[in-house]
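*Asks:* Protein sequences, first through last, are from chains A and B.
Just so we're aligned, residue 41 is where the first sequence starts under this note's numbering, counting upward by one.
Just so we're aligned, residue 1075 is where the second sequence starts under this note's numbering, counting upward by one.
In case anyone wonders, no lab produced these hints; they're calculated from the structure.
Positions of the beta carbon are idealized from the N, C-alpha and C atoms, including for glycine.
You may find that some hints are simply not true.
[Stated by the list, open to error] Label pairs and their calculated CB-CB ranges:
#	chain 1	residue 1	chain 2	residue 2	range
1	A	V131	B	A1217	25 to 35 Å
2	A	A157	B	G1203	55 to 65 Å
3	B	V1361	A	A121	53 to 63 Å
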Amino acid sequence: MKQVAGRLRLDLAQYRELEAFSQFGSELDQATQKQLARGERVVEVLKQPQYLPMPVERQVMVIFAVTNGYLDDVAPEHIKAWEQGFLDFMVAQHPELGQEIRTRKVLADELAARLRAAIDEYKKIATR
Amino acid sequence: MATDSILRPGELKEILLKEIQTADLAELDVREVGTVLEVKDGIARIYGLTSAMAGEMLEFTSSETSEKVTGQALNLEEDNIGAVIFGDYLVLREGDEVRRTGRVLDVPVGPALVGRVVDALGRPVDGLGPVHTTQTRKVDIVAPGIIKRQPVKEPLQTGIKAIDSMIPIGRGQRELIIGDRGTGKTAIAIDTIINQKGEGVICVYVAIGQKSSTVAAVVERLKQHGAMDYSIVLVASAAEPAPMQYIAPFAGCAMAEYFMYDEKKATLCVYDDLSKQAAAYRQLSLVLRRPPGRGTGSICTAGCSSGRRSCRMRWVAARSPRSRSSRRRRVTSPRTSRPTSSPSPTDRSSSRPTCSTRTCGPRSTRESRCRAWEGARRSRR
């Protein structure tokens, strides 16, 4: 969790800063726009309904996806549906990944690579 | 003539000895008894009971209804003692009898309380019959020192993405939840309790000064999510006297401590909300004629003591092969899971407190001012 969350905090902090700043002018370079878009998606991912706490391995998978840019091409209003679909997909197709994140507590390179592959796989299905 | 009726010392001694020898002392009930001087606003002044301990439980007997009411000696003065009354003080009258119990205030604890809704003295209020437990724990104990604690190193999962990822809560930690009304302080606490399902964490939800209907809604919500299977709800509603609201966090803490110390389990204790408790304590202090802003009359003294008890103990090794000779829980803060292996009850217990309070700005500054003042006073000496 610590590994994936470090980046999340940074993304969010930069987003807040740029958001305030960007209100003054609309001429933004590409890097800035990218950061704004990322921040918007991070905020979207962090939303969740009341009385529906999320197990830690699911949190890790979703946050991993957003901080690694896998959600940059998904429109913010579709993120909720994407997240739900993604988690269902992971439970159905790769239940062992969630298990391992839970028991090992550390996202090793090899585990991260498998997670990346799974996200790619889902994205292919989702965009179809 | 007159001299005939005077007893001679020798005779007197014989009679007394005979009396003493034949008396059956076992049948006598020898106890120290005091009388009520005055009763007001949940406080009684008592004459007698000169050997009562500070914090001792007292038993009042109403002369009107012969009802028994529990109280606690708080102020020990030269010629009387000030005691708070837990329960209906309106049945007590001047001259009523008060007895010592010889025990410092304690509450029933144990696994039988899990799934129940109780009041601040551990009496069930959910209509499911009596709680069958023989164990009790003192309500007010000294928090463990630093040597006995483990560092905070294991998270308590709240199940809320924003909290777990950016501001995680550790077992053995306390966490203050502050915010304006209606911003979701209670929601965070309830979500966290729900998320402890299957994690082996015992949750204690202490509702202080809330409407009974609000508490009933929370209990209903917990039941819906199956969270009452590992939770205790302690209610000191707004309708209850100030003394009950004042001891509620301590009582809840004692119930959680049973699981932490005796069963080595992780616990989560939520106090909702502490500003109501502070108001109740201030009221008590005023009626007891203690200055409400200083020393024992101040909520700074009382408030800190329940939060400090949150900790993860360093259990002495050799209790179980797996024991890592340490551990740590929260309450005031609170929450969840250890992500890995199923928790082994033997190797850790954590207790964490959470509290939510309505207004915190003024309180925290007051607290720090208090601390600064204490420090200054000490250095002056």
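*Asks:* Go through the numbered hints given earlier and state which of them the structure violates, listing their numbers in rising order.
*Replies:* Going through the list in order, the structure violates hint 1 alone and respects the others.
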